[in-house]
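Chains as they are written, first to last, in numbering that gives the first Met the number 0: chain A, 0 to 326; chain B, 0 to 326; chain C, 0 to 335; chain D, 0 to 335.
Treat the hints with caution; some may be incorrect.
Pairs of lysine to any residue residues, derived as SDA-like cross-links and limited to a Cα-Cα distance of at most 20 Å, are as follows [stated by the list, open to error]:
| id | chain 1 | residue 1 | chain 2 | residue 2 |
| --- | --- | --- | --- | --- |
| 1 | A | Lys315 | D | Ser331 |
| 2 | C | Lys194 | C | Gly209 |
| 3 | D | Lys294 | D | Ile277 |
| 4 | A | Lys264 | D | Ser254 |
| 5 | C | Lys141 | A | Arg51 |
| 6 | D | Lys185 | C | Gly209 |
| 7 | A | Lys194 | C | Ser331 |
| 8 | B | Lys264 | C | Leu325 |
| 9 | C | Lys116 | A | Asn106 |
| 10 | B | Lys243 | A | Pro287 |
| 11 | B | Lys194 | D | Ser331 |
| 12 | B | Lys198 | B | Trp108 |
| 13 | B | Lys315 | C | Leu325 |
| 14 | B | Lys307 | C | Phe45 |
| 15 | D | Lys193 | C | Asp174 |
| 16 | D | Lys194 | A | Glu49 |
| 17 | A | Lys243 | B | Pro287 |
| 18 | C | Lys29 | C | Ile277 |
| 19 | C | Lys193 | D | Asp174 |
| 20 | B | Lys307 | C | Glu320 |
| 21 | A | Lys307 | D | Leu325 |
| 22 | C | Lys67 | A | Gly73 |
| 23 | D | Lys193 | C | Gly237 |
| 24 | C | Lys115 | A | Glu164 |
| 25 | C | Lys42 | B | Lys198 |
| 26 | D | Lys141 | B | Gly73 |
| 27 | C | Lys141 | A | Ser229 |
| 28 | C | Lys214 | D | Val206 |
| 29 | C | Lys116 | C | Thr86 |
| 30 | C | Lys115 | A | Gly73 |
Part of the chain B face toward chain D, derived, beta carbon under 7 Å [to be verified]:
| id | residue |
| --- | --- |
| 31 | Asp50 |
| 32 | Phe100 |
| 33 | Arg101 |
| 34 | Pro140 |
Hints listed in this document are in silico derivations from the structure and should not be mistaken for laboratory results.
All values derive from a computational prediction rather than experimental measurement.
Glycine included, C-beta positions come from ideal geometry on N, C-alpha and C.
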Amino acid sequence: MAVISYIDAVTMALREEMKRDERVFVLGEDVGVRGGVFRATNGLIEDFGEDRVLDTPLAESAIVGVGIGAAAYGMRPVAEIQFADFIMPAVNQIISEAAKFRYRSNNDWHCPLVVRAPYGGGVHGALYHSQSVEAIFANVPGLKIVAPSTPYDVKGLLKAAIRDEDPVLFFEHKRCYRLIKGEVPEDDYTLPIGKADVKREGTDITVISYGLTLHFALQAAEELEKEGISAHVLDLRTLYPLDKEAIVEAASKTGKVLIIHEDNKEGGIGGEVSAIIAEECLFELDAPIKRLCGPDIPAMPYSPTLEKFYMLNPEKVKEAMRDLAEF
Amino acid sequence: MAVISYIDAVTMALREEMKRDERVFVLGEDVGVRGGVFRATNGLIEDFGEDRVLDTPLAESAIVGVGIGAAAYGMRPVAEIQFADFIMPAVNQIISEAAKFRYRSNNDWHCPLVVRAPYGGGVHGALYHSQSVEAIFANVPGLKIVAPSTPYDVKGLLKAAIRDEDPVLFFEHKRCYRLIKGEVPEDDYTLPIGKADVKREGTDITVISYGLTLHFALQAAEELEKEGISAHVLDLRTLYPLDKEAIVEAASKTGKVLIIHEDNKEGGIGGEVSAIIAEECLFELDAPIKRLCGPDIPAMPYSPTLEKFYMLNPEKVKEAMRDLAEF
Amino acid sequence: MLAAENRHIELGLSDEQVMDMYYYMVLARKLDERMWLLNRAGKIPFVISCQGQEAAQIGAAFALEKGKDYTCPYYRDMGVVLVMGMTAKDMMLSAFAKAEDPNSGGRQMPGHFGSKKHRILTGSSPVTTQVPHAVGIGLAAKMRGEDVVAYTSFGEGSSNQGDFHEGANFAGVHDLPVIFFCENNKYAISVPLKKQLACESVADRAVGYGFPGVKVDGNDPLEVYKVMKEAVERARKGDGPTLIEAHTYRLVPHSSDDDDSSYRAREEVEEARKNDPILRFRHYLMDTGLLTDEKDEDLQNRIQKEVDEATDYAENAPFPEPETALRYVYGSGEVK
Amino acid sequence: MLAAENRHIELGLSDEQVMDMYYYMVLARKLDERMWLLNRAGKIPFVISCQGQEAAQIGAAFALEKGKDYTCPYYRDMGVVLVMGMTAKDMMLSAFAKAEDPNSGGRQMPGHFGSKKHRILTGSSPVTTQVPHAVGIGLAAKMRGEDVVAYTSFGEGSSNQGDFHEGANFAGVHDLPVIFFCENNKYAISVPLKKQLACESVADRAVGYGFPGVKVDGNDPLEVYKVMKEAVERARKGDGPTLIEAHTYRLVPHSSDDDDSSYRAREEVEEARKNDPILRFRHYLMDTGLLTDEKDEDLQNRIQKEVDEATDYAENAPFPEPETALRYVYGSGEVK
Ligand SMILES: Cc1ncc(C[n+]2csc(CCOP(=O)(O)OP(=O)(O)O)c2C)c(N)n1
Ligand SMILES: Cc1ncc(C[n+]2csc(CCOP(=O)(O)OP(=O)(O)O)c2C)c(N)n1
Ligand SMILES: [Mg+2]
Ligand SMILES: [Mg+2]
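Looking at chain A on its own, in the form it has when it is part of the complex:
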């Protein structure tokens, strides 16, 4: 099996799906000749032509809204939002429209649209090229939010998203794009949306995370192993609706839970994860449910000193994990 990068897994999934199903097409800013500002759509215009790899005008509400119309017609649009921070102008189309198409028409219409967007920081992206925006959408029934952490999951989940009959927001951590590599089968496979994944088995503490910070947790877990601390690590993968069963199972396993994400703490995904545990398996717990998250400031600043202050890293994660283990 080839070892490829996280972003190459994106491109691979797109290319395979476009080959498999001619209703699949890509639209967004600079996705064509430029191959995307991150190169996620690199080579697609050469293979599929400009009719299926559309450089759109600079207008996110139209990118999503036109995608919705095309999806309703029977196509499988994959819209790219250049940076997750720029999804805001499209919020009305996503929340009021895509998410409610099926429900409001009593199952007559539906909207199989994928919206891909790179999110997250650690790339000198400053306040507006670093944000985690998932929490905005994680209260919207009708939507699914996927945020994979490994190339293998990227491929399987992006393919699943494209084949899904409902709108899926697909958030790709931009720091993972070239940093994270992994084995990815050449064959066709999908992974189930809505299912979390145990990325490491352990017995002392449970860490629940997703995206870049999941890797920090895995790295920290490996180091803590040497100190005799065994961490169980759950990758949420789908952020909405959450995989409650897997969360309860993982929490119950060790009775000590640390939830980690890069997004701000208050109102982040971690709150809901914690609430599920506190509601479903409180008496399995041996420690308060801890959260290690980005500070509650508007976003990640540009200056390296400030960006570093914002970002989690394996050290900060290890410390929090050790503290919990020792609780």
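Since chain A is already given, all that's left is putting chains B, C and D with the ligands on it; use the hints.
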């Protein structure tokens, strides 16, 4: 002290603030001669003229965006979004702009803008005139979200919001508008944004809520009193940033917590409230942290059977409170 | 309107077709009027009207091909959806929010149209979101090489939303078969034209998107049909979109929740009533000899009966079962 | 550009003023070039350029009154903010993301201007959000009866955002003293004009908002100054907004992260370089006798020194302290 309705408290606060400070002005759709579709701005155009009570074009992003510019210039705009459901086109201006003005300019600029919006259901408003949208914004540092439940709080908090140096989203439950009445002083007073309020003292269970459901809880508490169940009821009032101290104190008081809101359960404000408790005072708890919320469906349907199914009511609330007390 | 005889023949419309047009106009009006009565009697919670805009809507819809073209209408477009295939019964089922309502199973307010069968895209309340949808349909049809025109309509107030601009521009760039149909009824709820937009005409905006903009008397279904027909032909030929602005007047309050006396003079409304499109079209049909007082009475009676039956049926139809509220959040293979 | 002598005198610009214009154009260019060098040397993470657009920016800014008018510029507008009062040092402090950066204290990328002192509104990355802000400033100034013009600029790609439409329409309805200045440099990153918009000219869009739209050669600072001056006068007189479209060309890649060779031919860029606004203006100044080779060399040296000093200062200035990241989420009397 006069007993007035919730909506009259809105009008009263607006009128008093416009008299007090000539920088205060109102803008929105139909706020002028029509006095607002709910009549919240009734009479203001007669008193202050059309320069300070602006009927805007039908364009929410401009209503908020223009408000931001005016606020930065030194005015105190109070923008009305006709229904909270229609705040979506303005999300970019609210989240990317208003919320980040101070932070991104390193405290050079700031944005004292109030955005008022009626939210919530139970008024045959169907999918798009009933939504609770607070969760979308409850992860955005730089914003404050206020959602009062009584006329007294409405007046004091709306005045505080208008005088606040930062952007405040002010959500008014539209079912409360004419249903909820209460004593409101004629004098000038403000209430602190960021502070929850104990609306009822009790010893057996703690209920945490806001808006319309807060009244259901109070009503149920009164009835349960007769059954010998004493409920402590905390009104969050500010939904972001949450009043952590008050939440921890209220939870610790009884050790049994029920969080209630009309918004969908998953990803609602209740998740964060629960997570704060589970992180800060887990060992004070005698029962799982329960949440009673709207079902996870896109919004409240139109048909009376379906609307009723969605809505909480004093009966449903009482049952959940009794269950928890009996735990 | 010049009372030139048989203008419709010149436009390629048969006598039967214009009589059908008239039928739909009267049907839409009578359904709408009935809904107000039902509302005032406390039987239905809400009405939003097409009254005054029937000529624009029905003139436009007649230029489309049923079962082939797509419509993304707005909440006033009862005239459009009736022509595209919905029935009086469908309208009343929606007004009463009954389970059988084909638009939404009683989930949405009346005026929120949708029917896959009739190629009417499901609509919502936030105005103008349907505009990019129509563009997406036009794009998809063009990609698939299918002969489809996408029609979308909206009020003049809604033409100030960002989605109008973004959608129109996208369609212009890609030369898509989309018709943007603005029903300019002079008000956005209480806000009069001059506080909504400063341009002479909404149609002027088309130049900013590189396609034609046309102004038309929306009280004349034949004039509307004519400009729509031309727009449809342009679209079918691959010549791209058209923006049409039909001048109309809303004869009743914005909705059953509105009181329009606070923002417009009764005289203004009375004046507009003299120009009621149904009256005008009746005159035209009488002038051309297609309609007589007797025939008209017959038609009115037939329609009255249709409305009565639809009302009875809908009133007696069952509401959706409460628990069905949980259905159709996601498709099968749901994650929940 | 016709080499008519002393065009600037006709426009009411003194010799000193046009020499100042030239100074700012060269300063902006040299700062920009230096930033690329610093970026390629790994010293600063990011550059976004004004190269090719200096004439448009500086011509426009000269028509505004410093300390009185407000600007809501976009990320390329180094030329504008220098004229409005920012310094080379300010630019470099921002490029190096240092604590002293007056725009944001190192919190934002370079090109995200802001200074209350200079009445430059704080800017962000999502394009076109500044347009409604400028309208709000115009509205507030009008309400307060203050003689203020609000200037906002944006790329032609950004004129396709909903916020452009909504902001322009609002300003048109209220006749506000706002100038919408579009710097049409033919590309939105890699997307060429014809895939961005189908209209002949962005200026055509003004008719849809009921105010004048003007196209101008953005490579000629005097032409730009002229139309801006007229727009400023209209605004001050209470005659409302103007949309100006300045035709320019972006001479370098979109940003330091971009590689423009994938989407435009080198020949095209070379061709555009022949029309470099700085070269053209230099010729004009030489033709009018204001500039000589010697004077030019002096000026270039002086600017070079200014850039060197600014670079040195900024490079050696301290970064913000890490914990300061927590500051200024809210004002004092914070809830947290
Ligand atoms: C985004 C949004 N904002 C506000 C509303 C509330 N609203 C419903 S209809 C309407 C006025 C629409 O005016 P216009 O577009 O002229 O259409 P008309 O009703 O006159 O046919 C408003 C403000 C809405 N539905 N959607
Ligand atoms: C809302 C939003 N979407 C996407 C981007 C990413 N982006 C930054 S600049 C740019 C192109 C802008 O083109 P144009 O408006 O013509 O200005 P130019 O850079 O050519 O001066 C894009 C797509 C953004 N900053 N904001
Ligand atoms: Mg209207
Ligand atoms: Mg450009």
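Each hint, compared with the structure:
1. A:Lys315 to D:Ser331: Violated, because 30 Å separates the two Cα atoms, which is more than 20 Å.
2. C:Lys194 to C:Gly209: 26 Å, violated
3. D:Lys294 to D:Ile277: Given pair Lys294 of chain D, Ile277 of chain D holds - Cα atoms ~15 Å apart, limit 20 Å.
4. A:Lys264 to D:Ser254: Violated, at about 32 Å.
5. C:Lys141 to A:Arg51: 12 Å, holds
6. D:Lys185 to C:Gly209: 17 Å, holds
7. A:Lys194 to C:Ser331: Judged against 20 Å, a Cα distance of about 16 Å means the pair holds.
8. B:Lys264 to C:Leu325: 14 Å, holds
9. C:Lys116 to A:Asn106: Measuring from Cα to Cα gives roughly 13 Å; hence the hint holds.
10. B:Lys243 to A:Pro287: At roughly 15 Å apart (the allowed maximum being 20 Å), Pro287 of chain A and Lys243 of chain B satisfy the hint.
11. B:Lys194 to D:Ser331: OK: Lys194 of chain B and Ser331 of chain D at ~16 Å, within 20 Å.
12. B:Lys198 to B:Trp108: Distance ~37 Å between Lys198 of chain B and Trp108 of chain B Cα, so the pair is violated.
13. B:Lys315 to C:Leu325: Status holds; Cα separation ~18 Å.
14. B:Lys307 to C:Phe45: Holds, at about 17 Å.
15. D:Lys193 to C:Asp174: 11 Å, holds
16. D:Lys194 to A:Glu49: Holds, at about 11 Å.
17. A:Lys243 to B:Pro287: Cα-Cα ~15 Å, so holds.
18. C:Lys29 to C:Ile277: OK: Lys29 of chain C and Ile277 of chain C at ~11 Å, within 20 Å.
19. C:Lys193 to D:Asp174: Holds, at roughly 11 Å.
20. B:Lys307 to C:Glu320: 11 Å, holds
21. A:Lys307 to D:Leu325: 13 Å, holds
22. C:Lys67 to A:Gly73: 14 Å, holds
23. D:Lys193 to C:Gly237: 17 Å, holds
24. C:Lys115 to A:Glu164: 16 Å, holds
25. C:Lys42 to B:Lys198: Distance ~38 Å between Lys42 of chain C and Lys198 of chain B Cα, so the pair is violated.
26. D:Lys141 to B:Gly73: 13 Å, holds
27. C:Lys141 to A:Ser229: Measuring from Cα to Cα gives roughly 57 Å; hence the hint is violated.
28. C:Lys214 to D:Val206: 15 Å, holds
29. C:Lys116 to C:Thr86: Given pair Lys116 of chain C, Thr86 of chain C holds - Cα atoms ~13 Å apart, limit 20 Å.
30. C:Lys115 to A:Gly73: Given that 20 Å is the threshold and the Cα spacing comes to 11 Å, the pair holds.
31. Asp50: 6 Å, holds
32. Phe100: Since the shortest Cβ distance to chain D is 6 Å, the answer is holds.
33. Arg101: 5 Å, holds
34. Pro140: Holds - the Cβ of Pro140 of chain B comes within 7 Å of chain D, reaching about 5 Å at its closest.
In terms of the numbered hints stated before, the structure departs from hints 1, 2, 4, 12, 25, 27, listed from lowest to highest.
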